[in-house]
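*Asks:* Here is what each chain is made of, one letter per residue.
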Amino acid sequence: MSIEEKQNSPTFQDSDSTEYPKNEKEVSSFIKKFYKSGIPVELVGSGSKKKMGKPLQCAKTLNLSKLNGIIEYLPEELYIKVKAATPIKEIEEELKKNKQQLAFEPIDFGFLLNGKSDYGTAGGQVSCNISGSRRFKVGSVRDHVLGFRGVNGRGEIIKSGGVVVKNVTGYDLSKLICGSYGTLAALTEITFKVLPAPDESKTLVIHNQKLEFAADLLYRSISSSSDISGAIYLPNEPKVAGCVMDIEKTFKLNDLKNNGSITAIRIEGSKNSIDQRFKNLSNELKVANFDISILETIQSEIFWNKIKTLELFSSTKNNILRIVIPPSECVNLVYQLSNKFKYYFDWGGALMWMEAFELSEEMFESIRKKIIKLGGYVTMIKNSDYLPYVEEVFTINRDRFNITQNIKKSFDPKRILNASKMYTGI
Amino acid sequence: MNKLAMPKIDRKLTSKKIEIVKGLKKIIKAENVLDHEDQLRPFETDALSAYKQKPLIAVFPENTEEVSKILAFCNRERIKVVPRGSGTGLSGGALPLADCVLLCLGKFNKILEVDYKNRCVVAQPGVTNLSITQAVEEKGFYYAPDPSSQIACSIGGNVAENSGGVHSLKYGTTTNNLLGVEVVFMDGTISRLGGKTYDSEGYDLLGLITGSEGLLCVITEVTVKILKKPQSVKAALIGFPSIEDGGKCVSEIIASGIIPSGMEMMDKALIHATDNFVKAGYPRDAESMLIVELDGAEIEVEELIEKVSEIAKKNKSSSIKISKNEKQRLKFWAGRKAAFPACGDMAPDYYCMDGTIPRGKLAEVLKEIGRLSKKYNLPVANAFHAGDGNLHPLIMYDANEKNALEKTEKFGADILKYCVKVGGVLTGEHGVGVEKRELMCEMFNNNDIQQQIKIKKALDASSLLNPGKVYPILRKCAEEGRVHVHRGKTKFPDIPRF
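Chains as they are written, first to last, in the numbering used here: chain D, 1 to 426; chain U, 427 to 924.
Just chain D, same shape as in the assembly (with noise of 0.2 Å):
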């Protein structure tokens, strides 16, 4: 096999060699030598997300789990430097002591992909840049990564931002690395934005709501000045006796009620704010009219927590996607699927969850073109027995793939680093 068909072989593996570098200069120097002999790599950290993707078996692979550790956290200048592999649980537990958090509500994919909770690493969460419920107000992962160091597929180590908000000091690359799935540098080091945790969090849910009315509520929500920071809608139609989504069977709480399709608003801040604000929101809404629960504090916490673990689909042997769409065209999107599934909304409308099944491949691209006619796109998250493989699981049109292309050579010019994680080819 050439290297070229290697890097393009979903099945191909050489060995089970895995390489454990210590330091950010053993990276480099094991990336010099795959480079030197053309030898194509997979990069791991703690391994929560290896299902997403396309499915790599390279020669060699690289687990940067040593990796590990915060190298600097200073609270009042709202930033902390951690070695790539450090687990974003350790990271959050460490912001918990200061009252601060990493704003963009890191998923745990670790139910969805792996049976148990498993948050990752940091450098797991840049990979992917798939943020969490506050996205619509805070910015997603790209948003929150300041500065960070690395290795290209030359072996040389590059860096680029630093620890501060405000800086168009040359391309801002700590951008691109978000989302590119380790194909353009093994990460080392991360400077992330933090920011203080809210004290309290209160949860409007209310009950019953055909999608088209629930997407109205979500939309005057976000466009009110309550400062909203979840809008999320979860129906229990349709019905499909494949799906394991199942909202009543999720959301058990003492505060809210079993009464069809949950439309949940969530308001979080200091007291006497949230108070205003729910009651401004209410007002608004007319909730007077609605059936509806209110959780505080700690049931509020618990619901969306549920929400970042996606355990709704915790347990399915089905595909899930995940699919971005304007805000506006989630109505619009449910009438034109034809498939059977599962899903619920988030992001107000503009996310939507998908639980898919008996999906082909067909289908799954007939999904495809529907969303890309809407102005978003699809990503296949996790594959099931029907549909172990998708040929491209991230959506990409020829124009973008050509300027994808060059960037990957510019940081990768072998094409060694997570070769066709994301498209062949790349």
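The set of hints was computed from the structure by calculation and includes no laboratory data. A few of these clues could be false.
[Said to hold, decoys possible] Calculated cross-link-like contacts (lysine-lysine; reagent style DSSO-like; alpha-carbon spacing at most 27 Å):
no.	chain 1	residue 1	chain 2	residue 2
1	U	K438	U	K480
2	D	K271	U	K739
3	U	K452	U	K495
4	U	K757	U	K654
5	D	K32	U	K882
6	D	K271	U	K733
7	U	K880	D	K409
8	U	K655	D	K137
9	U	K654	D	K279
10	D	K279	U	K565
11	D	K308	D	K210
12	D	K66	D	K51
13	D	K409	D	K33
14	U	K733	D	K96
15	D	K51	D	K116
16	D	K159	U	K883
17	U	K880	D	K32
18	U	K674	U	K750
19	D	K97	U	K733
20	U	K596	D	K96
21	D	K96	U	K674
22	U	K543	D	K373
23	U	K847	U	K800
24	D	K159	U	K596
25	U	K880	D	K159
26	U	K733	D	K279
27	D	K99	U	K740
28	U	K739	U	K757
29	D	K137	D	K210
30	D	K32	U	K883
31	U	K843	D	K159
Just so it is clear, the structure is predicted and the values come from calculations on it, not from any experiment.
Given chain D's structure and the hints, the job is docking chain U onto it.
*Replies:* This is chain U only, laid out in the frame that chain D set:
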């Protein structure tokens, strides 16, 4: 004018000016191609007016197809292109080259769509920053980044420089408020990056081109996020007997978990200059002054103002004034927003620097600036986006004095070097341009810069788009035969090179 090493002038090309003009007039209306010396004079500089250079030709395309054809033509003919928005940039990013086609986006001045359903505005790049807010304020929305030049600067320029403003700490800079762009690459390819969705899949090309200073592509359309105005906004005007006390107050406010929507600091020189200029009612006896703005629910703003006042008192504040109404709040800001013209009133010329530092280093850096001011014998006034650590020292000088600009630039370079030394960066929002180009080596090593240059080449293989900006004109580059260093003289000659 100061000598500045720029890419070597292609004499073969300049001698073909008439043919190039003819070629361009075939692509766009003849009246949109300017080639006469007198017509070109207004475009010889941007807001870094110390440097002037007339372009070979200036063109004013009216739509994206024209931009694409112009770029494809220039790419084919190997003609350098310098894009220009409103020309308000402070780092010389739009400084023309003698052998370039200056691509002016001034005719791209329409707001194309206000989309409340998706909370965004689609605008052409020549639209000013402020007119985006004006287009949506009737429904209570606004566009968050607000650089001080917002009445004049274009949104396309904002994307190119990743402009910030006084609200960046809470609301981010352009990159955090941008949803999509339409761009044209040097080979004429038209591309849409992002759109009306949050994030886009694949490499974050939108993030890459934001702040790329016109080196990677030409922006022809911009989609930005709009936000609902907060229920309540109030500002506190706080005087301090020393810079250190003001600096400590800033750190303590942030450490207490408050994220003000704006937090600005000025030193005594600037307090006086701006107060003379707009009569903002600033505390003239104070050594430093803070404007702390808080927004959110009414009750929250009241609580936070109270908390901020307590922290200020703890840090020996000499005066605290809270805005009683919107008029007074805007008056507090009027002085800060007039900082540049106020300095223009105090000295024949001023030079505005733009480093960013960790907030905690403020007092240390200001002390160093004071020391350097004495050393160079040039007065300096300091404006500081204290919330996000972005420092704007304004060095005052008289360009008519011999070597005054050189001395000022050296002073400026020393300040920026110090910013990097304390863990900061060379530029927060004005961009590198030609101004800080040679200082890049202070922050980046050869690997870092070569990686960036490789990205540039990945998107503009012949380096024709805005060459000579952002990256140092190095010996290494000179060896590639692309640039010429004037008798070995570049800006900031004392800076270490590769």
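*Asks:* Against the earlier hints, flag every one the structure doesn't satisfy and list their numbers going up.
*Replies:* Every hint satisfied by this model.
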